[in-house]
Amino acid sequence: MGFSARHLLGIEHLSKAEIESVLDLADRYVAFNRQSTKHSDTLAGLTQINMFFEDSTRTQSSFELAGKRLGADVMNMGLRTSSLRKGETLIDTALTLNAMNPDLLVVRHPSSGAADLLAAKVECAVLNAGDGRHEHPTQALLDALTIRRAKGRLHRLTIAICGDIAHSRVARSNIFLLSKFDNRIRLVGPRTLMPTGIDRFGAEIHDNMASGLRGCDVVMMLRLQRERMDGAFIPSEREYFHRWGLGSREFAMARPDAIVMHPGPMNRGVEIDGEIADDISRSVIRDQVEMGVAVRMAAMTLLMLSRRGRPPDEDLPASLPTGIRSGDPHR
Amino acid sequence: MMILENATLIDPESERAFSGSVTIKDGVIATIHEASDAGGQETDAGARVVDCDGHCLAPGIVDIGVKVCEPGERHKESFRTAGEAAVAGGITTMVVRPDTVPAIDTPEILEFVHRRAVQDSPARVLPMAALTRGRSGREMTEIGFLLDAGAAAFSDADNVVQDNRVFSRCLTYAAGCGALVIGHAQDPTLSAGAAATSGAFASRLGLPAVSPLAERIQLERDLALAEMTGVRFHVDQLTTAAALPALHRARDAGFDVTCGTSIHHLTLNEIDIEGYRTFFKVKPPLRGESDRMAVVEALADGQIDIISSMHTPQDEESKRLPFEEAASGAIGLETLLPAALRLVHDGSLSLPRLWRHLSLHPARRLGLDSGRLTSGAPADLVLFDPAKPFVLDRFSLRSKSKNTPFDGHRLQGRVLMTFVGGETVYVGDG
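Chains as they are written, first to last, in our numbering: chain A, 1 to 331; chain B, 332 to 761.
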């Protein structure tokens, strides 16, 4: 099945079935991407424009690669430095691009709600690649895929999301997604980086890593978003690392088979010890990057279904068993 | 001479509604005739007689805190458009804000505003002046000269004077001149950059938010300094439950303090911004439902004195932006009355009681003799049908800017006629 909405703006309003259909298709794209020939014509003839109002090399290249592997014509626009400086508004820029008849706009913007605003004004599909501190749906989907492949399931897990929750769209999208699948979610971090009223999202709040990580299946570290901070939220990075960083002592509180995740880019020595990040028996951080391309291919394929009317299956390898790769994410 | 007969008269002073008629002579109310009274009504062969058909006749609304964008931003609103919107909304006196470009902070600018207003506005206009030069919170304005030039009150609008020494001197000087100072109860450091009220809802939308306690913090400071200086002090808008006890204490102690609130905080709440709807972005941000209910209750039990439209025109360009970047403010001149009538229709307030907050209290606080339905008072009157239902189309509004949060809302209450100084300044289309 595809998406019920024309756009992918957030996780909050997706159903479980919609999420599962993205993950199932993405599983097949993972295998596809590991072949030596990784090109399909699923989106051939369609135009995808990546509008990045914030710099993000990794997300932008992931979307670019995803589009190109599906055969779309991909255009990248680094907008942080161009027209907005000349006084053009977000909507003007979007309407200008809209006039060029694209099929998909992938949007990254520093303000919450920017993707919703664009979606209301343009005729093509809008895919939110992160808006302010609101949502980053493909990140949550790729995290879910990573967890499902590593743990063999996406339900009844205890998941700790640690660090800068307040400034994190990744945290919000993950909380929305994981809570739809009956998981225990813990939020761990200094109270200055905890959004007000977040306890009403059905998550437990923990003030320290020891209690937050105890018995966890998944430890999700967040990047300290220094660029979003306008004042003192923490006394110093060394104190932050000492109290809320992930070192081996803290990680030992989690279950022995627990995995470590990080949306990247990492601040080593600020939120995560380099040794843990690089421990391939525990860290799935690089798998997340791989899943990112597959999930974006799946999300774009499903978003474009209504435009193409063509099933995505034709170029894909025969269906693979999904979600049973427990313990071996590194085949 | 004019006779408005067969009306339901709304008298905020006695808090009564009764049938009767009003006679207007030389711009003032000559007599009030109650239908149940024995004896005939005074008549005059040359008098114009208006049959009010049983509709409500009340003193015109006195709206404190209207932003007319002259000088500086006439493309957003002018005295003509604001005045026309005002009388179409039953407002006969606009007390206009000094947060223009430049600020109304010298007698010369105040005189300019006065001249423009008299020329163009069918409603009366009373300008406020800035408390500090350029509303920058450093040096006080020429409060004495400005009073002589007709300043109705002094306020830096939403720029809060942060320096307590500067603020206390301004208040002390103003107290000596007998001036009314209007404060904005919002801690500016806590609210910097905020687009919503903090809580689960704002966190879900990922919007930068300010705690509702930022209002109480600033109010406590302002009231302490009002106590210290003995100034006549008015709070422009109180919008949270947590701030109410401080107000209550100050009034119990007998300080000369009054308090207003905005129509938007009385009738809307934070949930309305769902979908990042920038027409609902106001200052202070819309509150949770429990705060809204507390403010309605405080109004009903008399702790809050005045309802204002807080009319703030913004053009489409400044609202067609992501929520955080969009300008704050909503227009309200034409929607103040129908929105306020929601409080009557839902049983929170009686109509005469509502009218205390719309006309009697603001007029009294400014030392005006309007706002009352009594002989000798200026014949500033509004005739309206409180039940008439309609769906608001924002493009039908007379303001130059169309940023109303009530677009597409079902509202009740239409103005039929408005009189200023006995002159008919507005006739509705029914």
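Derived from the structure by calculation, the hints contain no laboratory data. The C-beta atom is built at its ideal place from N, Cα and C for all residues, glycine as well. Some hints could be false.
[Claimed, not checked] The calculated DSS-like cross-link candidates involving lysine-lysine, where the alpha carbons are at most 27 Å apart (straight line), are:
#1 K356(B) with K121(A)
#2 K650(B) with K121(A)
#3 K719(B) with K614(B)
[As the list claims (entries may be wrong)] Per the computed footprint, the stretches of chain B lying under chain A, defined by three or more beta-carbons under 8 Å from a beta-carbon of chain A, are:
#4 525–536
#5 650–657
Sort out whether K121(A) lies within 27 Å of K356(B), counting only the CA atoms. Violated - the C-alpha atoms of K121(A) and K356(B) are around 56 Å apart, more than 27 Å.
With a Cβ-Cβ cutoff of 8 Å, does the region 525–536 of chain B contain at least three residues near chain A? The restraint on the region 525–536 of chain B holds, since 8 of its residues have a Cβ under 8 Å from chain A and three suffice.
Below or equal to 27 Å on CA atoms is what counts here, so check K719(B) against K614(B). violated, 30 Å
Has the region 650–657 of chain B got at least three residues whose CB is nearer than 8 Å to a CB belonging to chain A? holds (count 6)
27 Å limit on alpha-carbon distance, applied to hinted pair K650(B) and K121(A): holds, 14 Å
When each numbered hint is compared with the structure, violations occur for hints 1, 3.
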